[in-house]
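Mind the numbering: the sequence shown is residues 1 to 77 in the UniProt record's numbering, read in order.
What the hints contain is simulated information worked out from the structure, not anything from laboratory work. Be careful, since some hints might not be right.
[Unchecked claim] Below are the DSSO-like pairs computed for lysine-lysine, each with C-alpha atoms no more than 30 angstroms apart in a straight line:
id: 1; residue 1: Lys-6; residue 2: Lys-24
id: 2; residue 1: Lys-68; residue 2: Lys-6
id: 3; residue 1: Lys-24; residue 2: Lys-68
id: 4; residue 1: Lys-24; residue 2: Lys-73
id: 5; residue 1: Lys-73; residue 2: Lys-6
[Claimed, not checked] Per label pair, the in silico range of CB-to-CB distance:
id: 6; residue 1: Gly-53; residue 2: Asn-7; range: 17 to 25 angstroms
id: 7; residue 1: Ser-20; residue 2: Ala-58; range: 13 to 21 angstroms
id: 8; residue 1: Asp-27; residue 2: Asn-76; range: 24 to 32 angstroms
id: 9; residue 1: Ala-54; residue 2: Asn-76; range: 13 to 21 angstroms
Yeah, the Cβ is synthetic: ideal placement off N, Cα and C, and Gly gets one too.
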Amino acid sequence: MQDFLKNLAEAINQPGAEFSPDNKLQDLPNWDSLAILTTLSMLDQEYNVVLSGADLQACDTVSDLYAKVQASKAQNS
Numbered sequence: 001m002q003d004f005l006k007n008l009a010e011a012i013n014q015p016g017a018e019f020s021p022d023n024k025l026q027d028l029p030n031w032d033s034l035a036i037l038t039t040l041s042m043l044d045q046e047y048n049v050v051l052s053g054a055d056l057q058a059c060d061t062v063s064d065l066y067a068k069v070q071a072s073k074a075q076n077s
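With the hints as constraints, model all of the structure from the sequences given.
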């Protein structure tokens, strides 16, 4: 989870920021349409997971997003 949090912080142009799994995605600094696109790109590059915008919108918290990524990775294995 720590690597995921670090990668997410970098994707939304907040390197070094500390997020908790309970943080709401909407409340993250710089969380806008560009952050969403860069997050989707990061998930593809770092985790080999392709999510749709709808998949991402279904996630309320960082933990929700992490769980969706893990489930997608398990499904693709």
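Against the structure, the hints:
Our distance criterion of 30 angstroms between C-alpha atoms is met by Lys-6 and Lys-24, whose separation comes to about 16 angstroms. With a C-alpha separation of about 17 angstroms, the suggested pairing of Lys-68 with Lys-6 holds against the 30 angstroms cut-off. Taken as a hint, the Lys-24 and Lys-68 pair is honoured in the structure, with Cα atoms around 15 angstroms apart against an allowance of 30 angstroms. Taking the CA atoms of Lys-24 and Lys-73, the gap is about 22 angstroms. The hint holds against a cut of 30 angstroms.
For the hint linking Lys-73 to Lys-6, the alpha-carbon distance of about 19 angstroms falls within 30 angstroms, and the restraint holds. At roughly 19 angstroms, the beta carbons of Gly-53 and Asn-7 sit within the given window of 17 to 25 angstroms. In this structure, Ser-20 and Ala-58 meet the distance hint of 13 to 21 angstroms, their C-beta atoms being roughly 20 angstroms apart. One distance hint, 24 to 32 angstroms for the beta-carbon pair Asp-27 and Asn-76, holds here, with the actual separation near 30 angstroms.
The hinted window of 13 to 21 angstroms between Ala-54 and Asn-76 holds, with their beta carbons roughly 18 angstroms apart.
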